[in-house]
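Given chain A's structure and the hints, the job is docking chain B onto it.
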Amino acid sequence: MSDRVLRVQDLAVHFKVREGGLLRPKTQVLKAVNGVSFDLNAGETLGIVGESGCGKSTLARALLALIKPSRGRVLWMGEDLNKLEVEALRKKRQDLQIVFQDPLAALNPRMTVRDIIAEPLWTFFPKIARVQVDERVRGVMKMVGLLPNQVNRYPHEFSGGQCQRIGIARALVLNPKLVICDEPVSALDVSIQAQIINLLKDLQKKLNLSLVFIAHDMSVVRHISDRVMVMYLGRAMENSCRDNLYKRPLHPYSSALIKAVPVPDPKLARAFVDTGLTGDMPSPLSPPDGCVFHGRCPYSVKRCQLEVPALRRMENGDWVACHRAEELDLTIIAS
Amino acid sequence: MNTEATTVPLLEIKDLDVGFDTPEGEVHAVNCLNVSINAGDALAIVGESGSGKTQTVMAVMGLLAENGHAKGQALFKGEDLLQMSTSELNRHRGREIAMIFQDPMTSLNPYMRIDKQMIEVVRHHQGLNKTEARAHAVEMLRAVRIPDPERRIRQYPHEFSGGMRQRVMVAMGLLCEPDLLIADEPTTALDVTVQAQISHLMSALRQKSNTAIILITHDLGVVAGLCERVLVMYAGEAVECGSVDQIYYDPKHPYTQGLLASVPRMDQPEEEGLNSIPGNPPNLLALPEGCRFRDRCPKAHEACKEKPPMQLDEQRHAWRCFLGDSA
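Just so you know, the sequences run in chain order A and B. Residue numbers are given in this note's numbering: position 316 of the first sequence equals residue 316, and the series is strictly consecutive. Residue numbers are given in this note's numbering: position 317 of the second sequence equals residue 317, and the series is strictly consecutive.
So that you can see chain A by itself, here it is in the shape it has in the complex (with noise of 0.2 Å):
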């Protein structure tokens, strides 16, 4: 398609982990990214769903070239940033901004919002002035819902929505072209959430902006993404449209995290939901041989011990890693 904007191709990240006494370390490989591939289009929105150590953040640490892969592709406009030199990457990350799951913790605390937000613009542009600063950081205050008289305080005089949507106008402020926001809402109070969430809807569809989200929450990542992939052990499970994935899941862990999420009523919820997921995600320093899920899986059969299942595109364009997707039906039944 040619409003592809990012194509990853087969991604891995690995890290080697020393265990073991002082005198007889050992080293083993953890493979945090195991192979995962998708595209991303111009004003689209991927959702990463999975549960924590999936993989998930370091995924999106990739994406940026914040991390080197060990193995695949991350093309950024058909450029692989891994082959980039320094200076050129450092150009093209103007495009590529970054969102942080703790809004406090992201946030300078002895810099004023001001200098928080403008940062990014002295680092590209040293020689800006000092009105069109202000003028572009006002701006981009308005724009996520901040008072442009708030540019003199420090991050601890804002709550934690406020000072999200500071980390998210620090993002804004180059014009990115796609923003990854690892768990941006996952801190913050339900209200608040939603005020979040609706404000990156809004602000995707005014600057055409394209969006990768982490969450490990189904029910977050629904209100926003066109797309969602579930992972889960450093591979991608499911790559499904929005709409098919919450209807008729294809894979049965995608399944299991629906219905995972509460219900905010109580006639619902007090019939007992049986998420068919038992036991823990097993350590990813050992994963299960074959189907990384198939310990926990309730549809596991022989095979699925055995062969690990590639990630293969069924009929309506969506992506699944299981043996059984076909003979499956795991339509999730609407009450």
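I should point out that these hints are in silico values taken from the structure, not numbers from a laboratory. Incorrect hints may have been included.
Listing some non-contacts, in silico: residues in chain A with all C-beta distances to chain B over 12 Å [as the list claims (entries may be wrong)]:
#1 Arg-114
#2 Ile-128
#3 Gln-193
#4 Arg-222
#5 Arg-270
#6 Thr-278
#7 Asp-280
#8 Glu-307
Not everything, but these chain A residues come out facing chain B in the computed CB check (under 7 Å) [claimed, not checked]:
#9 Glu-51
#10 Ser-52
#11 Pro-109
#12 Met-111
#13 Ala-187
#14 Ser-191
#15 Ala-194
#16 Gln-195
#17 Ile-197
#18 Asn-198
#19 Asp-217
#20 Ser-219
#21 His-223
#22 Ala-260
#23 Val-261
#24 Pro-266
No residue lacks a Cβ here, since even glycine has one placed at the ideal position from N, Cα and C.
For chain B alone, kept in the frame of chain A given last:
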């Protein structure tokens, strides 16, 4: 609220005020709170951060920070917990009232194996010897479905995953089969799948041992399946209290309505945009006159400059607002 129940409530909080002295002045964390819970019941306290839900139970447990002070009464089986000395409190805490904290990593001692931390509690409160105490602890771990409890009990907290650690906390809370278990955001730090497991576990254990539960959370989704009564707090005040069905199907206070609307729902068709409550909670150092929710309320009107009364209907549903008259 004002319950004319026939039984004596297990815990009755009367006119509770909690304040903190800070260099900027007094912070009013909780104002004139009244709530009660009967034996074996489950009550949820819901509200945004800073609404005073945690400080309410901290006051009850005698765990307020040094600059904090509580007024009013917290009658546990008729005895006022707020008037007790530390040693008197210690006869109740752990044995009759247990608490589970939000972050399992910071509330377990990282230097101690799980067995030592658990056995300590049992020996102190139930006077069991070491072997008996260990057997009891292993049994509790099995009850919260930790696989291979005999081996896992010898491990340190860091060797457990987040969900496992929270299960250890639940097991520790239930060790002495308390009459009241206070759980402060027990599932907030956990993944949804684990969240669901812990919720099921708590309600199963509650039925088994008839333990009353106070669940503190900001997420109305978690409450629906677990509790019978809900208390909604805003800026240190109770704004609505009723049964789960009343709160979810017939919320009276605009804040409760807003909270419910902002939960992203999976059981309803996707709409354009989520509902949110505009603005931010008020500063507890400078609370507005009249209704505290006024600035964020879509239904605010002239009368809201006065303090709204607590309205109560015949079904024990109470709310603090001029609107939604039960008549």
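Status of each hint after checking the structure:
1. At roughly 21 Å, the least C-beta separation between Arg-114 of chain A and chain B is larger than 12 Å, which holds for a residue marked as non-interface.
2. Taking the minimum C-beta to C-beta distance to chain B, about 32 Å, the non-interface status of Ile-128 of chain A holds against the 12 Å cut.
3. The claim that Gln-193 of chain A lies off the interface is violated: its Cβ sits roughly 7 Å from the closest Cβ of chain B, which falls inside the 12 Å cut-off.
4. Taking the minimum C-beta to C-beta distance to chain B, about 6 Å, the non-interface status of Arg-222 of chain A is violated against the 12 Å cut.
5. For Arg-270 of chain A, the shortest C-beta to C-beta distance to chain B comes to about 6 Å, within the 12 Å cut-off, and the non-interface label is violated.
6. A beta-carbon of chain B comes within 12 Å of the beta-carbon of Thr-278 of chain A; the shortest separation is about 9 Å.
7. Once the 12 Å rule is applied to beta carbons, Asp-280 of chain A is inconsistent with being away from chain B; the minimum gap is 5 Å.
8. Chain B leaves Glu-307 of chain A outside its interface by the beta-carbon criterion, the shortest separation being 25 Å against a cut-off of 12 Å.
9. The restraint placing Glu-51 of chain A at the interface with chain B holds, with a minimum CB-CB distance near 4 Å, inside the 7 Å limit.
10. A cut of 7 Å between beta carbons decides the hint on Ser-52 of chain A: the least distance to chain B is about 6 Å, and the hint holds.
11. Restraint check, Pro-109 of chain A versus chain B: the minimum CB separation of about 18 Å is more than 7 Å; hint violated.
12. Checking Met-111 of chain A against chain B by beta carbon gives a least distance of about 22 Å; that is not within 7 Å, so the hint is violated.
13. The restraint placing Ala-187 of chain A at the interface with chain B is violated, with a minimum CB-CB distance near 10 Å, outside the 7 Å limit.
14. Against a cut-off of 7 Å between C-beta atoms, the interface hint on Ser-191 of chain A holds, since the closest Cβ of chain B lies about 4 Å away.
15. With its C-beta approaching chain B no nearer than about 3 Å, Ala-194 of chain A sits inside the 7 Å limit, and its interface hint holds.
16. For Gln-195 of chain A, the interface hint holds, since its Cβ comes within 7 Å of a Cβ in chain B; the closest pair sits about 4 Å apart.
17. The beta carbon of Ile-197 of chain A is positioned within 7 Å of a beta carbon in chain B (closest approach about 6 Å), and the interface hint is therefore held.
18. Because the smallest distance between the Cβ of Asn-198 of chain A and any Cβ of chain B comes to about 5 Å, under 7 Å, the interface hint for this residue holds.
19. Evaluation of the Asp-217 of chain A hint against chain B yields a held restraint, the C-beta minimum of about 6 Å falling below 7 Å.
20. Because the smallest distance between the Cβ of Ser-219 of chain A and any Cβ of chain B comes to about 4 Å, under 7 Å, the interface hint for this residue holds.
21. Checking His-223 of chain A against chain B by beta carbon gives a least distance of about 5 Å; that is within 7 Å, so the hint holds.
22. About 4 Å separates the beta-carbon of Ala-260 of chain A from the nearest beta-carbon of chain B, less than 7 Å, and the hint is met.
23. For Val-261 of chain A, the interface hint holds, the least distance from its beta-carbon to any beta-carbon of chain B being 5 Å, beneath 7 Å.
24. Because the closest C-beta pair between Pro-266 of chain A and chain B is about 4 Å apart, less than 7 Å, the hint holds.
In the structure shown, a violation is registered for the earlier hints numbered 3, 4, 5, 6, 7, 11, 12 and 13, in ascending order.
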